[in-house]
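Colleague: Protein sequence lines, in the order shown, are assigned to chains A and B. The numbers in numbering that gives the first Met the number 0 rise by one with no breaks, and the one at position 252 of the first sequence is 251. The numbers in numbering that gives the first Met the number 0 rise by one with no breaks, and the one at position 57 of the second sequence is 56.
Treat the hints with care, since some could be wrong.
The list treats identical chains as interchangeable, and a pair is accepted whether it falls inside one copy or across any two copies.
DMTMM-like cross-link-like pairs, simulated, lysine to aspartate or glutamate; straight-line CA separation at most 25 angstroms [unchecked claim]:
{"no.": "1", "residue 1": "Lys30", "residue 2": "Glu238"}
{"no.": "2", "residue 1": "Lys172", "residue 2": "Glu238"}
{"no.": "3", "residue 1": "Lys250", "residue 2": "Glu223"}
{"no.": "4", "residue 1": "Lys39", "residue 2": "Glu223"}
{"no.": "5", "residue 1": "Lys58", "residue 2": "Glu223"}
{"no.": "6", "residue 1": "Lys109", "residue 2": "Glu223"}
{"no.": "7", "residue 1": "Lys244", "residue 2": "Asp158"}
{"no.": "8", "residue 1": "Lys103", "residue 2": "Glu79"}
{"no.": "9", "residue 1": "Lys247", "residue 2": "Glu79"}
{"no.": "10", "residue 1": "Lys128", "residue 2": "Asp158"}
Just so you know, these hints were derived from the structure itself, not from any lab. From a predicted model like this one, the values you see are computed outputs, not experimental measurements.
There are 2 protein chains.
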Amino acid sequence: MLVIKEKYIIGVDIGGSKINAGLFKNGKILKSVKIATSKKSRREFLNKIEKIIGELIFKIDKKDLLGIGCGVAGALDLGEGVILNAPNIKILNGFNIKNWLHKKFGCEVKIDNDARLFLRAEYLFGAGKGYKNIVGMTLGTGVGGGIIIGSKMVYGSNDSAGEVGHMVIDHGKDLEVLTVKQIRKSKFSKIATEKFEKNLGIGLSNIINILDPEVIIIGGGAIEDIKIFLPKIEMTAAEFIISPKSRKHVKILIGKLGEDAGAMGAAALFYEL
Amino acid sequence: MLVIKEKYIIGVDIGGSKINAGLFKNGKILKSVKIATSKKSRREFLNKIEKIIGELIFKIDKKDLLGIGCGVAGALDLGEGVILNAPNIKILNGFNIKNWLHKKFGCEVKIDNDARLFLRAEYLFGAGKGYKNIVGMTLGTGVGGGIIIGSKMVYGSNDSAGEVGHMVIDHGKDLEVLTVKQIRKSKFSKIATEKFEKNLGIGLSNIINILDPEVIIIGGGAIEDIKIFLPKIEMTAAEFIISPKSRKHVKILIGKLGEDAGAMGAAALFYEL
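Isolated chain A, as found in the complex:
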């Protein structure tokens, strides 16, 4: 890990329901802003983003700003900087957020998927410290994921590795549809809770059977609502894990960094991994 000292970094996390931005230096958060995600028009959305970043860098000399890291909940073209498909912020689809931020603030810009940034932050500063093989899963408006193998982030061949929420696990339905969205609709009825526990348990066991990580770190906006169900979810997962050694050793942890994880991870795009 290469920490760039003495320079400021802006981290922005654009989620389906809120935007979280922070000013970072030496891996520490100095100042942060949270606003609701504006979905009316792209123009209004961008005005708000410009405003909150403007506030964060207001007192900083431009030459002391290393860059802006930006996370978006959706499929991105990381090289081009285009938001390909953000299912919960459709006004951004097709928009080149990287070029726009670069033009507005004149600094280097790096972007990534929000779930990968959650994992990056937890790996560098939170629950994933010291592990080499980690899967991160975010349960929020949708279900996202990221994969670290041998201390390296796995991007895949088209920057879309880690989409664990779109793993189909029952009746042609995917983990995202069968878990977070389901539990919110049903307001924790007993039957809905049991289904949700079983489906999330199966989702975790599938990940463990395929990737055999040391640890799975769960975070995202819905984690507070569901963490009481974790022991039951782990029991279901254990039933379906094929390797006795994995079953014994794998850990399922909750992220330590709370709602700042995304913005921290975005700033940490300027750290080598």
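Fit chain B to the supplied structure of chain A, relying on the hints for placement.
Modeller: Showing chain B alone in chain A's frame:
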């Protein structure tokens, strides 16, 4: 890739229904033997293994034998060399095949899971040449898998990464139960075929959503029976792939090396990857 020149390597592939062994030099197969897997007793099984390896190395000067690579269809402790759980060759469960081969033949022995060896061989010599991110899937007595990311084999934290056959995809049932085993039972009735196509398509799309490989290579004993269904299976997979770029670019290929892939991969354990 480091090819060890001028030395012989034995590759043995112990599958659920047959054992395939070969004598290799400079990446080429010189001689091979195939026998049915003897499941009556461990003693009889080992006698046969000793006999076929003995025949392959009969005319070779011991100092010219680099080592023996051995693949087993099951969960292994690669460090210790113990077969933890071979569901289709139960007589081997708990047996230290690595130590036994070393004592019998006095050379270095390396072992690995048979599906990973299929992938290793296809990557080095077959359908996977030139790709960096590959998933291999074997459809045989069971369903196995292996993963290469960034040209490196992924072993996971407990040597059990790649168990794609144990991914649950419907009704608490896994890909192995819902595909190969199912299609064999039902002798290709129309309904069974449709279910099988759908389930294998979903299994592939899950792998693509999670790992975003350039290519998935399918092999194993059942591939000849099912390759006519591949176009339909690919169509189902495409329905469930979330990233438009992955959907467009991912390739689903059939292995090129046929039934020798496992033994070739076993010998190739002596090649750096």
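Colleague: Decide, hint by hint, whether the structure agrees.
Modeller: Okay, the hints, checked on the actual structure:
In this assembly of identical chains, Lys30 and Glu238 lie within 25 angstroms of each other by CA distance neither inside one copy nor across copies; the values are 44 angstroms within and 44 angstroms between. In this assembly of identical chains, Lys172 and Glu238 lie within 25 angstroms of each other by CA distance both inside one copy and across copies; the values are 21 angstroms within and 12 angstroms between. Only within a single protomer do Lys250 and Glu223 lie at most 25 angstroms apart by alpha-carbon distance; the minimum there is 19 angstroms, versus 40 angstroms between protomers. In this assembly of identical chains, Lys39 and Glu223 lie within 25 angstroms of each other by CA distance neither inside one copy nor across copies; the values are 28 angstroms within and 54 angstroms between.
When the C-alpha separation of Lys58 and Glu223 is checked against a cutoff of 25 angstroms, the pair qualifies neither within a copy, at 35 angstroms, nor between copies, at 68 angstroms. When the C-alpha separation of Lys109 and Glu223 is checked against a cutoff of 25 angstroms, the pair qualifies neither within a copy, at 29 angstroms, nor between copies, at 47 angstroms. Taking the shortest Cα distances, Lys244 and Asp158 sit within 25 angstroms of each other only across copies (9 angstroms), while inside one copy they are farther apart (31 angstroms). For the identical chains of this complex, Lys103 and Glu79 are intra-copy neighbours only, at 17 angstroms inside a copy versus 58 angstroms across copies, given an alpha-carbon limit of 25 angstroms.
Proximity of Lys247 to Glu79 under the C-alpha cut-off of 25 angstroms is restricted to the inter-copy arrangement: shortest distance 18 angstroms between copies versus 43 angstroms within a copy. With identical chains, the CA atoms of Lys128 and Asp158 are at most 25 angstroms apart both within one copy (24 angstroms) and between copies (21 angstroms).
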